[in-house]
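Peer 1: Sequence:
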Amino acid sequence: MAPAIASPVLPTAPADPDARDSTSSGTSSEALDFNEKRGGVKQQKRKSLFRLRKPKPATAANATAGAEATPAPSADRSKPESERASHDAGVTAAGRGDTSASTSRAKTFWRAMRELYKLDKAQVDAFMDSYVIYGLDWSDEDAMRRTLGPDFQRRVGDSLRAYYGVLNHLCALGDVEKMYIPPLMDAALSVRGNQLAYEESVARDLGLKPGDRVLDLGCGRGRVAAHMATLVPGVRVTGLNIDPDQLAQARAFNGEELGLPNNFVERDFNDLPLPFANGSMDGFYQIQALSLCRDHGRLFAELHRVLRPGARLSILDWVSLPAYDAEDPEHAELMRRVKPLIGAVGTPTPASLEAALRGAGFEVVRSDNASLDGLQAPLIDKVDVYFRSLRMLVLGLVRARVLPPHLKKLINRLCLDGQAFVEMDKRRLATTSYRIIAQKPAASIAAAAAVPIAPTPPTHH
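Residue numbers (the UniProt record's numbering): 1 to 461.
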């Protein structure tokens with residue numbers, strides 16, 4: 001049974017006194033008015049709540065209140081300083097804990113709550129219906145056809161748009177606005193601190209330098225892309241994502257708020273070939289998106305084409321581990337519960353990903369669990385505890401008719417089975433922190449250009 005948890009303190013002020021406001025968008029300088037035509041006392045109660053809880057301007061007195069500040073890095077990092085040094089990769093020395101490429105927690109929370117409040121019934125129903133794909137697996141296409149029809153790949157794409165169009169706002173209510181729980185890089189750091197630490201390691205692993213062009217597959221709201229471009233000034237990230245809602249936020253945040261040269265492309269990465277020229281990218285990374293890929297071999301072959309010779313690729317993803325036994329009923333039940341929680345369609349293994357990379361022409365440089373001692377559970381549990389606490393508050397506000405009823409349905413779905421994920425990680429059955437670094441050999445790009453990527457063949461009953 002889950003322990004009783006006190007209701008969370010909602011964010012009240014940006015931790016960073018230099019945090020940008022959003023007066024240009026008209027959301028930060030005024031009370032959040034959802035403009036629902038409900039009238040009367042109910043609407044007044046809702047509007048009063050958001051006025052009462054509206055973030056205060058950052059001042060010397062309140063600058064440290066509210067959102068969780070990223071702790072300073074621990075002196076004991078369990079890795080040699082030489083591995084953590086930015087050396088010739090161009091990573092800025094002030095990178096660790098730098099939140100200049102992050103929206104303040106208070107602002108993010110209220111923006112997300114506003115968007116969730118405004119959802120209509122069709123959007124909520126489509127989100128709930130989208131979970132059908134997580135009970136399926138790319139490895140069983142017959143089951144996909146039976147459930148989704150002959151055009152199952154398109155149906156999966158439609159479900160992903162409905163899912164992420166809502167989920168990204170739910171995640172933004174907490175510390176996973178970037179849409180991922182990071183590896184446990186440092187036990188002294190928060191969830192957000194570990195995200196920053198992991199992203200810095202990606203910049204080092206890729207050897208990024210000013211002027212490099214980097215592809216981010218499944219870029220979400222563009223927060224990781226923004227961090228990369230601030231870690232290594234002059235880096236230009238191209239983010240690719242299937243969800244137009246997230247892409248709109250990515251463009252606004254990177255371009256309008258931060259003035260970064262990153263660009264974002266709407267695309268289903270199962271729709272190959274990718275819209276990039278041969279050898280046009282100097283590096284590639286993706287974070288926890290590959291379970292949505294129907295054919296890793298074809299995707300990796302396409303990445304081999306678009307990367308320049310000598311470029312590196314960084315993967316952090318969901319895999320099942322050797323201890324997992326699909327024939328064990330307890331293991332299978334945990335898998336059934338966890339896949340919908342993390343939004344996984346496929347369930348690759350480290351060996352299957354490595355084989356697909358080598359088959360596409362890459363050399364695997366590193367393959368390991370990026371979490372300390374291979375355990376991500378402490379961070380998974382932190383996120384789960386926060387959202388279960390938030391759930392109690394949301395349910396209370398729904399009962400009081402301050403929040404609309406659909407918030408109950410959404411928060412209940414989000415909080416389902418978090419402890420199953422913790423258990424799976426502790427038992428080393430599966431993880432979302434498996435890391436692979438691979439490199440395209442420094443050979444002529446002509447070899448890659450000579451191998452065309454055939455379009456996905458039509459599927460039939």
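Rather than coming from a laboratory, the hints here were simulated on the basis of the structure. Using N, Cα and C, we set each Cβ at its ideal position, and we do this for glycine too. It is possible that some hints are incorrect.
Stated by the list, open to error - Here are the simulated lysine to aspartate or glutamate pairs, EDC-like style, with alpha carbons at most 16 Å apart:
no.: 1; residue 1: Lys408; residue 2: Asp120
no.: 2; residue 1: Lys409; residue 2: Asp140
no.: 3; residue 1: Lys409; residue 2: Asp151
no.: 4; residue 1: Lys408; residue 2: Glu141
What the hints assert, rightly or not - Have a look at the derived ranges for each label pair, beta carbon to beta carbon:
no.: 5; residue 1: Ser280; residue 2: Asp373; range: 22 to 32 Å
no.: 6; residue 1: Ala443; residue 2: Arg114; range: 45 to 55 Å
no.: 7; residue 1: Lys209; residue 2: Ala443; range: 35 to 45 Å
no.: 8; residue 1: Ala442; residue 2: Met128; range: 42 to 52 Å
Peer 1: Work down the list of hints and note, for each, if the structure agrees.
Peer 2: Going down the list of hints, with the structure as the test:
At most 16 Å may separate the alpha-carbon atoms for a hinted pair to count; lysine 408 and aspartate 120 meet this at roughly 14 Å. For the hint pairing lysine 409 with aspartate 140, the CA-to-CA distance comes to about 30 Å; that exceeds 16 Å, so the pair is violated. Restraint check: the Cα-Cα separation between lysine 409 and aspartate 151 comes to about 29 Å, which exceeds 16 Å; the hinted pair is violated. Using a Cα cut-off of 16 Å, the hinted pair lysine 408 and glutamate 141 is violated, with the two alpha carbons roughly 34 Å apart.
A C-beta distance of roughly 39 Å is found between serine 280 and aspartate 373, which places it outside the suggested range of 22 to 32 Å. Take alanine 443 and arginine 114: their Cβ atoms lie about 51 Å apart, and the range 45 to 55 Å holds. Distance hint check: the CB atoms of lysine 209 and alanine 443 are about 21 Å apart, inconsistent with the given range 35 to 45 Å. Checked against the hint of 42 to 52 Å, the pair alanine 442 and methionine 128 passes, with Cβ atoms roughly 49 Å apart.
Hint compliance for this structure: hints 2, 3, 4, 5, 7 are not met, and every other hint is.
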